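Chains as they are written, first to last, in my numbering: chain A, 1 to 480; chain B, 1 to 376; chain C, 1 to 104.
Hints are supplied without guarantee of correctness; some may be wrong.
With a straight-line Cα cutoff of 20 Å, these simulated DMTMM-like cross-link-like pairs (lysine to aspartate or glutamate) come out [stated by the list, open to error]:
no., chain 1, residue 1, chain 2, residue 2
1, C, Lys51, A, Glu395
2, A, Lys362, A, Glu302
3, B, Lys299, C, Asp73
4, A, Lys407, B, Glu107
5, C, Lys95, A, Asp237
6, C, Lys9, A, Asp66
Covered, in the sense of this in silico footprint (three residues per stretch, anywhere, with C-beta under 8 Å from a C-beta of chain C), are these stretches of chain B [said to hold, decoys possible]:
no., stretch
7, 66-74
8, 293-300
If we take Cβ atoms under 7 Å as the criterion, some of the chain A residues that face chain C in the derived model are [stated by the list, open to error]:
no., residue
9, Asn52
10, Lys56
11, Gln151
12, Ile450
13, Leu453
These aren't lab readings, by the way, just hints derived from the structure by calculation.
Computed from a prediction, not measured in an experiment: that's the story for all the values here.
Heads up, the beta-carbon is just placed ideally off N, CA and C, and yes, glycines get one too.
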Amino acid sequence: MGSEGVKDPELIVIGAGPGGIAAAVEAARAGVTTTILDENPKPGGRIYGQFNDGFKLVNPKFLGPDYEKGKVLLAEFDTFRQKIEYLQDTLVFGTFENRIMAFHQAGKGHRLPFNKLIVATGAYDRPVPFPGWTLPGVLTAGGAQTLVKMQRVLPGKNILFAGTGPLQLVVANQVLYGGGKVEAILEAGEINNWLKLLKGFSRNWGLLTDGLQYMRGIRKAGVPMLRRHIILEARGDSQVEEAVIAEVDQDWRPIEKTRRILKVDAICIGYGLVPSVELKRLVGCKHRYEPYLGGWIPVRNENMETSVPGVFAVGDGAGVAGSSMAMFEGRIAGISIARSLGLISSEEAGKRKKPYLSNMKKIRHLRDALDRISYPRPGLFELANDDTIICRCEELTLRDIKKAIRKGTSEMNELKRMTRMGMGCCQGRMCVPAVQDIIARQTETPAAEIEYLNQRPPTKLVPINMLASLPGEFEIRHGW
Amino acid sequence: MKMVNVREAAVVVIGGGIMGCSTAYELARKGQSVILLEKGFIGAEASGRNGGGVRQQKRDPAELPLAMESVKIWQGLQEELEWELEYQQGGNLHILGNPDRYDLFIEQLQYSQEAGLDVRLLGPEETRKLLPNLRKDLDILGSTYCPSDGNANPLFVSKAYAKAAQKLGAEIREREPLERLKVKSGRVAAAVTAQAEYRASDFVIAAGAWSRPICNQIGLDFPVEVKRSQLMVTEPLPPVFTEFISADQCSCYFRQALSGGMHIGIPSAPIEDDNKSTSYDAFKIAGQSCMTLFPFLEKVNIVHSWAGLTNWTPDAVCIIDKAPDVEGFYLTAGHSGHGFCLGPITGRLLAEWIVDGAPSMDLSAVRWTRFDSIHL
Amino acid sequence: MMEDLRIWKDVERGQAFEIEVDGVQVVAYEGETVAAALMAAGIRITNKTAKRDQPRGICCGIGLCYGCTMVIDGVPNTRACQTLARPGMRLETQKGLQRWEVRE
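Whole structure, please, built from the sequences with the hints as guidance.
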């Protein structure tokens, strides 16, 4: 890659989760020269993540059914390893004019032109500002999962889960299985609703059995599952010591008289995922606002191609829909790209896509329904009070943001300049989704109509020595 | 017949960057009714995207007196506009290292000193004393150093001027791009937008890289090339230096903001469209420049990058002038990437010209008519 | 006696070694991130913020939130969750903006 005499790959895949791997496999199967750029040390992404060297898995039981699915996919990937160039610990930080991308790997900066590109960068936990959310001991459900599953460490001695949907049940079970203590699990919605739903789809779907299994584990351990409950505040001197919780109504708004305090030392927050769209925005893909799929997602056709020709998007990063959907989408994209490069006929492409398309159809109904049930209600966005930090990096409170909006700055880019919101190291990931909602409510504008932040490189922080080592020589010039 | 909303003011200013907003403010101070039209939001373009340098040294003699007068205004500006502008007179330092350019810098030094500027030549040791983080094995001949130069936060200045202008009665209209100028009997009768027709006795064009097509509408032109200036900023660092730094040995300039991030400016380059994203080259050039001057930055991360559009005249000197042969039409443009410092004085001089009949400083060196073929 | 929040069930860990956290020796295992080693020892505060001097710690676990930044082997603003623990590593709770060592 990029070296003398070696041709640039026909397809570059960014991300090695289920979406990226499945796409690379299908592309390679059809003979497309493929390179995967993975920011992690081993393929699998989040859900099928593999242990770092040093750990030895003795009994995979605690990893649940995902482990088996991941093993199957990674085994399939292994059969194509000779045909796919897999670059680990590789951080893509920008795409530029003339379809060039830059990344750093093994201590050096690199440049690579891209022809066909699949962006499979996944999603991250929705930041939910509430009083005390910045206290050490408050983790996201995803962060807790990474810690418990991949690092085998408990986030605390007495853990509270607060969120919605099945993810936190998985993590809670892992905590219990590992000998940890869970104080309670707060589900903001109605669990019975999604159990009912799962029952309707149980025929070809193991999700119901998984769901029931998780619930059983929790009940067996005597952990209270408090439906229609939400976290109101995390308290503690310099780390979490207690949590204030309450029952909520249909709109997730607290019923004041049900307020009470739980003595916990760790709080795991899981109110859904937000797609990571930075690279897609940077390359110029058109996005639309789809609240049930996590927020802003790239517009795609049935081949997973975005509005930028040759750029495809798959997986949670294109709309939060889970690992199975990610894999199917990846396969569709890989096959479509092979077809567009003329390596397989339309007929052959159609044949290969068929089983995946029909599976996608089956899951989609279920996913749509699940998403609607777990979709955050207004109460979630009203947890923050004026003193609550909204922009963690720049330490701006809700009061600071509202003040700027009142002074006449309601456009996201202008708000950023006036307050420094979004200028920190997280590059707006932790604050912009919340700020979007704040602007929407303060100005009574639908979130979909709020113009997003201009996306510029770098899409992730990049050290200066990596930039200095990028290929290219430039004469010294002046004149700014 | 379609009803047209007609508005009147003494002056209409087109462009809401530092030039337009300072002009609106200075006019309002003189009791003039002003309407300012800005196509986006105040300070959205070059005025809010630049490196923040408020610089007098290394200026063309045409601009030097203007820069020096402007700095006098800068010194009291935060108080005057009642807005924290993060203005600091931290100095401007240019590190010398190219023997071929040395004489040029000495020449600039000399005429600047003759004009009364506090710029002086530092030897290599003195330079290193000011910048202990400078690469130890870098060959330097010394530096030109001007302590009264400084920098400010470009994100605030235009808005501060606009708010102050509003307080004095000026009308600031954002998200209102100019559609066309209405010309009648050789003079501009109105500025027309989608919302209204704005009539005035005098019009000021301060629309940065967008000024030229506006002037073309009344048959006037000026030679400029549109260039993209790019910047990037690091994660916050504790205070390292207060100077605005450039060097013969590398392409970039450096300025540490009060919020801690190190701003790195990349040389501007011609551009066809209004692309405000940043290029691959910019990242390589920035990285290289950092390692050339300040190796302690090697593990520091770049967090953001951005770009702005600037207008470059053939002599890299701006235009501040009344239009030749067209009544009531004023232009400030062509700042060639170093207009930020001149914002305050430009507004003042234009307001004087419009209200008092003449500016209080000699602007012949920045006249429009120094170029050929300015009539279409 | 430092607590240990590690789960020992169903996995075997590699070599144990020590890392230094604000002058105190803390055990870590091969393959662990700094964040995991700290959490296991019950250490959750990684830095105090520059403006409001507020305590922050590990939050998103995947390197996006920059809550877990510490000074690691002299380099400030380094994410604990993205750094593998290594024998003899020096960690300091970062207080606001900290000086970057000049490397010559």
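Verification of the hints:
| no. | hint | result |
| --- | --- | --- |
| 1 | C:Lys51 with A:Glu395 | 7 Å, holds |
| 2 | A:Lys362 with A:Glu302 | 16 Å, holds |
| 3 | B:Lys299 with C:Asp73 | 12 Å, holds |
| 4 | A:Lys407 with B:Glu107 | 48 Å, violated |
| 5 | C:Lys95 with A:Asp237 | 17 Å, holds |
| 6 | C:Lys9 with A:Asp66 | 19 Å, holds |
| 7 | 66-74 | violated (count 0) |
| 8 | 293-300 | holds (count 6) |
| 9 | Asn52 | 4 Å, holds |
| 10 | Lys56 | 4 Å, holds |
| 11 | Gln151 | 4 Å, holds |
| 12 | Ile450 | 22 Å, violated |
| 13 | Leu453 | 16 Å, violated |
In summary, the numbered hints that this structure violates are 4, 7, 12 and 13.
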